[in-house]
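Novice: Residue numbers (the numbering used here), protein chains in the order written: chain G, -12 to 584; chain C, 20 to 310.
Hints were generated in silico from the structure; no laboratory data involved.
From the three backbone atoms N, C-alpha and C, an ideal C-beta is built for every residue, glycine too.
Be aware that one or more of the hints could be misleading.
Each computed BS3-like pair below joins lysine-lysine, with the alpha-carbon atoms no more than 25 Å apart [as the list claims (entries may be wrong)]:
no. : chain 1 : residue 1 : chain 2 : residue 2
1   : G       : K400      : G       : K504
2   : G       : K96       : G       : K1
3   : G       : K96       : C       : K102
4   : G       : K343      : G       : K400
5   : G       : K102      : C       : K297
6   : G       : K504      : G       : K343
A few chain G residues facing chain C, derived, Cβ under 7 Å [to be verified]:
no. : residue
7   : F105
8   : R119
9   : A242
10  : Y275
11  : I277
12  : L288
13  : A363
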Amino acid sequence: MLQVRRLVTSRMWKPSLSVGAWALGICIPFYIKDPFFLHVLNIIFIGITMALSWGILARTGYISFASNAFLGIGAYTSAYLVMQLHIYYWIGYFAAGAMAGFFALFLGKIILRLKGIFFVLSTFCFAQIMLRVFRTAEHITKGADGITGIPTPILPFIGSLESHAQFYVLFYVYATFVVIFTMRLYNSNIGREFKAIGEDMFVAESMGIDTTRRKIIAFVISSIITGLSGSFHAHYTSFISDTTFEMTKSIEVMAYNVVGGMGSIIGPIIGVCVMVPLPEFLRGFVAYQIALYGLILILILRFFPAGIWGTIRRAHSTIPAESKSLRLSYELTKEFKLGFGNPIRHNRETLLECRKISRYFGGLAALTDISFSIRAGEILGIVGPNGAGKSTLFNVITKVLSPTRGTIIFEGKNITGLRPHRINRMGIARVFQSKVLYPEASVKENIVRAIVARSGFNEIKDFFGLERRKHQVILEQTQQVLELCGLYSATGELPKNLPHGFQRLVGLAVALATKPKLLLLDEPITGMSLEESDIIARILENLHQSGLTIIMVEHNVNFVMRICHRIMVLDYGQKIAEGTPQEIRRNPEVIKAFLGG
Amino acid sequence: MSLSLFGQIAFNGIVLSSIYVLLAVGFNLVWGILGIFNFAHGHFYMLGAFLTWYFISSLGFNFYIAFIFSGVCIFVMAAIALKGVLGPLRENEFVCVISSLGLCSLIEGLVSAIFGGEARIVNLPVSGVINFGGVFLSFPRLATLLISLVVFSVFLFIVYFTNFGRALRATGSDPEIAQVQGINISRVYFITFCLGTLLAGLGGIVACHITPLMPHMGIDFSLKAFIVVVLGGLGSIPGAVVGALIIGLLESFISSLVNPMVSIIVSFMVVLLILLVKPSGLMGIERIESR
């Protein structure tokens, strides 16, 4: 009795409960012997693996129509190896996954640079092409006749699987493996980065996430799982032909996710459990079966547009935003430990140098031969009337735009051709406006993501939860950044719900979280109250003290004069003056440009 | 290849293109203006063809009356599809795509349940051929070409010379500003969807005699529309015409000279290539991302 109580009160009860439920699940064939029922369950398990693997890619914001193609690639690979080359089943099985992964790697390198709907369409085209390849490559796939009599998998000690019950156990274990794998993946830093990319790829790239690599990883993992499921599918049903892998397969996989609720693990599982048995229930309506299936799909989407699980979850977290009064205050601490580069490195060495940068938009010159340099520890202000090319200059430095001519040198290295995330990792961060932060992540999560990208974790170790210490460091640094920017009171909020001044602070915090050596500030105090701009000034002063180099574009000349050590003036894309605030104040060219003399 | 064979294949290709133009322009409108990627677009094509067959063979209507009746039916069904399914789900692009797939099953399932799944053929009231220098131009196909051209011209007139067309183009370029300027955009959306879907239906009506009709052919035509639109460029009417000509001719030539399967592979390859090289399509408007 005591032991039971201890079990209940201990933190172990939840895992032991799930292990118990799992063990009950695997025993189902012992109480229910109806082969048809077991068959439906087997299809459900395969469906779960496919739905989850599709969800992994969808987490990065990429919707694929090619599940059926990868399923087919896996199925044909293992059927061909086992039947034609008489290879041991499990080698064929892993070869199926490998082949699907290989196709995904090759295809991903080509099509993952497409965005949004264009990627979706290209996977669609790929699937269509593969379907025709399955039909025409007859020496491997036997074309429209299909491959019949595919042998069942062989298990050591058991021999080849015969009954639905045996398949049930195999698929149950496989589905469990995929579920755990996906959970682990979503909870690891890679999963966090997938989600970051899915929410806003542009921000993710600028914060130092190698989006191309991550997307390819997601695509390959997703396809490998689908390929493995394909092998099981082929050896379970013992017959495959090109019609087995029609587009409807992909559509079903998507329907599982949408019906259940995208972006979670439980959602797709619910979706599969609803949608797979549905045609069986509708069998009685014979002629109207397909029509009813469509109708029910429409009705579910119409009434649960966020999916079944999504709607349930939303219903349970209905704390209306208005009822929660937001108490925000700026709490600036003077002391902080975050070091940027070398603390107080006010040596006079050049950090960034731009040589004769030009950028044209068509025939329009936005920047003409801009040359300047900034020394470590300095604060440089860039001022100029609207359309002077200030933002273009920032875009060119952070590689959102490439310069038409000219070179950019950072710490003695030429960084002109690098991609945005490389630039960020070199140590150049740009402050985003709040609207380009991750929209669905809290302030804290926004900062964590920025730190994670730079933490240099080992992907595989992290997946197995072996990067605890790095994780600890990440949390500590998050706290420090929150403190530094006075954002403690807003930690759990979504940035878009915050007042403007706070939003800008979050932008600053996220940029600082990438541990830059050089910070680019785009109009830091626009739209801020006097009090708020004072806070910004104090934070910048702190940052300066800790050795950060800052370039800022700002319209408010008083603010620039107060903060900056040196000022550069742009007009019509050309540098018209450079010097200390005092020099600039007296420069006749500048007065002319600003007052229109 | 002899000149007359070449001419024959080219003629068939052009007839095919004229149908694709109707399909693709409608798809383009619905996708470009409402942002709905409607997989059931081709199903309205199929419905158009089936209704015409039904009116002619079962109710004994003549072709022209059947044409008008089918058109009205398609318009009403499109309105129901928009108001009942696609319109309310338009906010979430992806959910909308999946619901359009549900619509596919619904339409296809109903048609095959009501009319049966076997293939059937419609005969037009016109028959005969002209021998045009060795190229045989059959009257039914010429009629298809001609009616498509008339329908397309009416459509162009609506888009470029009526007040509704002006509202349509304004909504297409910026719905918010159009709204501020006093355009009732939900009305524009409604009419645009019905008009675009009607074009698909009319395509099915004029083409009902060319291929045997089957309930499951809808999705093929959705794909054709999609290929043409991506090729020509989303939001571009001239692009749809050029894309339809390219795909129609390509398909006609490769199907006749090599085999139909290869023609489908080639058209998808072309689209994949276009997506990679110029995602906005041959004549699409390049959107500069401002960030």
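Novice: Against the structure shown, which of the earlier numbered hints fail to hold, in ascending order?
Specialist: Per hint list: 2, 3 and 13 violated.
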